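Number of protein chains: 4
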Amino acid sequence: MASNSFGTIFRITTFGESHGKAIGVVIDGCPAGLKISLNEIQAALDLRAPGRNPYTSPRKEKDQADILSGVFEGKTTGAPICIIIPNKDADSSKYEPIKDILRPGHANFTYTKKYGCFDYRGGGRSSARETACRVAAGAVARKFLESQGVSFYAYLKELGSVCMESNLEYAENIRGNIYESDVFCPDKASSAKMQSHLLALKESGESTGGLVELQVHSLPVGLGDPVYEKLEAKLASAMMSLPASKGFEIGSGFDATSMSGSEHNDCFYSDGDLVRTHSNYAGGTLGGISTGMPLSCRVAFKPTSSITNEQITCDYSGNEVRFNLPKGSRHDPCVAIRAVPVVEAMGALVLADTLLMNRCARL
Amino acid sequence: MASNSFGTIFRITTFGESHGKAIGVVIDGCPAGLKISLNEIQAALDLRAPGRNPYTSPRKEKDQADILSGVFEGKTTGAPICIIIPNKDADSSKYEPIKDILRPGHANFTYTKKYGCFDYRGGGRSSARETACRVAAGAVARKFLESQGVSFYAYLKELGSVCMESNLEYAENIRGNIYESDVFCPDKASSAKMQSHLLALKESGESTGGLVELQVHSLPVGLGDPVYEKLEAKLASAMMSLPASKGFEIGSGFDATSMSGSEHNDCFYSDGDLVRTHSNYAGGTLGGISTGMPLSCRVAFKPTSSITNEQITCDYSGNEVRFNLPKGSRHDPCVAIRAVPVVEAMGALVLADTLLMNRCARL
Amino acid sequence: MASNSFGTIFRITTFGESHGKAIGVVIDGCPAGLKISLNEIQAALDLRAPGRNPYTSPRKEKDQADILSGVFEGKTTGAPICIIIPNKDADSSKYEPIKDILRPGHANFTYTKKYGCFDYRGGGRSSARETACRVAAGAVARKFLESQGVSFYAYLKELGSVCMESNLEYAENIRGNIYESDVFCPDKASSAKMQSHLLALKESGESTGGLVELQVHSLPVGLGDPVYEKLEAKLASAMMSLPASKGFEIGSGFDATSMSGSEHNDCFYSDGDLVRTHSNYAGGTLGGISTGMPLSCRVAFKPTSSITNEQITCDYSGNEVRFNLPKGSRHDPCVAIRAVPVVEAMGALVLADTLLMNRCARL
Amino acid sequence: MASNSFGTIFRITTFGESHGKAIGVVIDGCPAGLKISLNEIQAALDLRAPGRNPYTSPRKEKDQADILSGVFEGKTTGAPICIIIPNKDADSSKYEPIKDILRPGHANFTYTKKYGCFDYRGGGRSSARETACRVAAGAVARKFLESQGVSFYAYLKELGSVCMESNLEYAENIRGNIYESDVFCPDKASSAKMQSHLLALKESGESTGGLVELQVHSLPVGLGDPVYEKLEAKLASAMMSLPASKGFEIGSGFDATSMSGSEHNDCFYSDGDLVRTHSNYAGGTLGGISTGMPLSCRVAFKPTSSITNEQITCDYSGNEVRFNLPKGSRHDPCVAIRAVPVVEAMGALVLADTLLMNRCARL
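Residue numbers (this note's numbering), protein chains in the order written: chain Y, 58 to 420; chain R, 58 to 420; chain F, 58 to 420; chain H, 58 to 420.
There may be inaccurate statements among the hints.
For the chain F half of the interface with chain R, some residues (derived, Cβ under 10 Å), not all of them [unchecked claim]:
1. THR71
2. GLY77
3. ALA79
4. ASP85
5. PRO88
6. ASP123
7. ARG182
8. LYS200
9. GLU203
10. VAL207
What the hints contain is simulated information worked out from the structure, not anything from laboratory work.
The structure displayed is predicted, hence computed values, not measured ones.
Cβ atoms here follow ideal geometry from the backbone N, Cα and C, with glycine treated the same way.
Next comes chain Y alone, as it looks inside the complex (with noise of 0.2 Å):
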């Protein structure tokens, strides 16, 4: 069944496995016109990219993109553009004495069961390398969507049981203080914080889980299609195809369930030539519509399940296996930091699918 593809009109397919030959991702439906270039490209993979820091994967992709077709002249032609990635640090030989086990956490026994076989190199198409595709594919969407006006950003907001101290406030260089931090915290002190739990982690080889932040200013008023591609659905839709993501809310999210109607309404008010709401409970949308406020969702990640501590499971035999990952074995501590720029990634993926659907509402 073809599942590999995202959005309706400006529409992502992925392709390739971890170990394979190469990833890669084709974006059709991209408007023409758009000026992109392959250094913008470039330059969101690298905030994904493992290796970056202590923080993250050892592994030692370079995430080296390469744009195949659809891009003429510096600018997007209306012809599918492809992406690819090539695979250079990929190395097999740790897998192939663990491949006929089980592995807590992990999808080889999903996928062995419903293909009858599994590429289990790296995980072979379930790693979460797939999602350098995604970020690849973002950057393309982001740039639409800054020629629309429209910004956005996404942050951690907790690792493990560290939560950010301040409220994100929305500022003019966030982007940028984000993306200073090695774990995408835009507080320092809360990113330190987050790092030193990260080193005890390791150290005690063990993983944790964190919660990412996305938030989107300057939306227009109108995007999202009722009733079954609502903004909300589309965005809870693409966060949770993210690997290990557990948990989709926007807005009030979860906390709405012991808020009360008078409390949880946003009541409107005039501000010169725009209808704002004085709180903003709903997050962004009511009725799967963006009001104009800002949108804020958050996407909460399960601890990675690579881990060296030992584990009691079985293998396709049957047979009970102690099993553990060597020290040093190359894996993030918490995937939730390089899911960052992937759910700002998706998050530009759904908007300027929505934006564009938008154009067809009325006469």
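Based on these hints, arrange chains R, F and H on the given structure of chain Y.
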């Protein structure tokens, strides 16, 4: 933009406004040969219908369904099944005086800005009344799933600050217990507390949020298609397309953010012919594909936006307006209650679609 | 498999069997703000309705449509438009005795083999009655296209061996002339010949094929999306989804196979602000995108399969059966006649969809 | 608008321009467990490649494919298969001088008007070079179909006024005979005549059209989904999405217009366990669903638009331009020849998709 369809192989398209002539649904892609009767569909609709007890909206809609097509001699034929539900108790007179007011928490502002017009009568297309169509279609999907051995149920887990006390263990008659409760909470003591809380809320002109859980049992391994049609991504999209939903989580959900890898990893063991996991923090999927363990996910609903307490908002001309619905207005004090059969229906639609998609996974 | 929808942005979903309670269509994605009345839809349906004159089926279906949703205060709202047409003159008794016979040229054999069952009454879902829904939806699409300055018409060009004599030049009232003819042929002399031929056919218990041409004028340049959504590919799909259609061609069509390049190439010239071509063998598209020249395509229809002459076929048990429909059975001697408004409707649906798709081509 | 994908369950997405870095295709939804090798794909590509003999374009593209993903240990894994074909012999210098000319029969005018820009080098995305990607994907689809017992072939039936003389009877080595002919015509005498005709055409600077027939054998009964995914509708869409195609017909095709019902109706008879028809005017489908009889359809191709004879056209500024390609320019005198493997590939893609769709028809 066509956006009123849900699903790929087992696909529904809904239509109709709250106060129009009728609402309805076309189910396309239901396999031929499935026994289904109007009674079964009606029974599902009755659970969602308003006016059943003091805890829901007093609108007197019988929601009397009619099957127009696709069923012959008691069985589906493979042709599209159209089910129609006429609107009988629509009273639009109350909406005329407030049609120029930007109602807090409602979608009239965003619809109007998007489309340049709005059928304000009863909320038009943005009304939760649309969900009756999902329930009707869900009853057909449920029948299909039962023919494949899959069972499932949803229930109210939290109403405002009242949480269900006992943990829900799977029991033979769990679904019976749920629907015996006026608030769809299978624990009698908790149900009673919730009902008291609701009566107090109604008295005070307020509303509250709530939390609905969906549990699926006996799901085969292998459902869900990587990477953008992951089972949890489809469920998230389904649930976040519901009116008033603010969050979705699966398994450990948002709690996962502060867990460690060794805590969260569900270890496998062999149980006769089956493979199972000791814990189930995953919530029934790995890599977006069902594991065969019970699937559990939760949906957060905001408090009903329609309250009788006064609110200060503005109208389309930007003038401040003091506004309250009259006491006794027809609304639910907590939308999460009647959302229970709707969450169940959306779960059924996702699973039916996923199960059919899985038929194409292998040679 | 969901397969009863057509179109991407302007999408229809049809439902209903020939002898069920009703047939109908949901139009999803029609832009908001379009003026449309039931009368306009009914007028289109009346052209396709049977029993209008001696040259079509005597079934007395008034095809009285009702709009259930999506129109408010005389205009579309952006919500799905459901139009329903109850079946009034269904007489299933004639189908009971022949339900075990594999009817030559009919779909009962293939439906039964595919689905394991068949609603044999009046051909069930395989009946050409389904095309009434296309006509109803086409009337809405037509209204949208007219608001964008596009005009078009279909007509009967050949009926059996009778070809329309004069070449059709575009004329102000061409559509009026077409629908004044009982066989939808705008040339009076040809129309008369066709009618004589039909009366002879009816007498002899026979049927014949026919050819329908669609012409579209004032189409903007740029409609159609390469490479798999080329305008002619969408038109071909639309027309070949019609019952009894056996071929589709655009512009030069099958004649192109024996032409030379310098004959076939339409040379461009500048005509004020417009670019035109001297000839129009292309038929209105190049590279799958409209050129701004008139679009012309043709659809070949086979002779009606229901004839009153005896045929020797077999039943589901494999026994040879001699079989003829009684004289006076309700069928069209030539399905191509009533196909004229259907071809027009399908053309309108394709163009409406394509026109909306084109809104997303550029930045 | 995303428009570079074809198929629903077995879906391809192509990318790349004629003179860009590479062209390629992503095949999504191919069932897991299918044996496929690069050699098999390359063999298919070699049949379509230019420069094989004097009757096709002299462009020296080896069309050397590479499989980037989706195949592991010689078998498909269910993950998307990306096949890439670098462009090696692109010579864009010839296109620079003529980039402002509206080339008769070409798509540069319509692309430029639609997108506001055009990658003119070698026709960019509008080039027939894109069809190499269809052939690569078709080779995979073919392998899948063969595993299900389906066999098929296409061949050149008419080249200009030269028609194949003998009727094609199904023979064991028919496909071998076809591909032994330099013009893909299995009848040796006809093939020779066509070749002579082509040499004369080349000499005179002209081109011609042609007709390609597709035959499919051993197709199971039941493929094709009513009503908008009828098998012939999907085939028509597939074939009319090919560059230069002007018409499609199935079975009796355009001849049906002048046949009578008793002539055209194919009568059924029982042949052991099978049901067959004496004649096969239907061409293999009834009601859009395969009958089990051989499927036969034809595609009409216009003459190649690139000719070396002078033409008078205009440029984007509206000035009249006299224009001819230099003698010896790289083009095919008849595009229908190299279209043969492409028609075969499109047939394979449609049938693979339809076959998988059919798995969901029944309970």
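How about THR71 of chain F: closest beta carbon in chain R under 10 Å, or not? Nearest chain R Cβ about 7 Å off; hint holds.
Can we keep the GLU203 of chain F interface hint, with Cβ of chain R closer than 10 Å? Status violated, d = 19 Å.
Hint LYS200 of chain F vs chain R: min CB-CB distance below 10 Å? violated, 16 Å
Hint check: 10 Å Cβ-Cβ cutoff, VAL207 of chain F to chain R: violated, 20 Å
Status of the ARG182 of chain F interface restraint (C-beta, 10 Å, chain R): Nearest chain R Cβ about 4 Å off; hint holds.
Identify whether the interface hint at ASP85 of chain F stands, where standing means a beta carbon of chain R within less than 10 Å of its own. holds, 4 Å
Can the hint on ALA79 of chain F be confirmed by a CB-to-CB distance to chain R that is less than 10 Å? Hint on ALA79 of chain F: holds, closest Cβ of chain R at ~5 Å, below 10 Å.
Holds or violated: the hint that ASP123 of chain F contacts chain R, with Cβ atoms closer than 10 Å. Holds - the Cβ of ASP123 of chain F comes within 10 Å of chain R, reaching about 7 Å at its closest.
Proposed interface contact between GLY77 of chain F and chain R, which counts if any beta carbon pair is under 10 Å: Since the shortest Cβ distance to chain R is 5 Å, the answer is holds.
Hint check: is the beta carbon of PRO88 of chain F less than 10 Å from a beta carbon of chain R? Hint on PRO88 of chain F: holds, closest Cβ of chain R at ~9 Å, below 10 Å.
When the structure is compared with the earlier hints, violations turn up for hints 8, 9, 10 and for no others.
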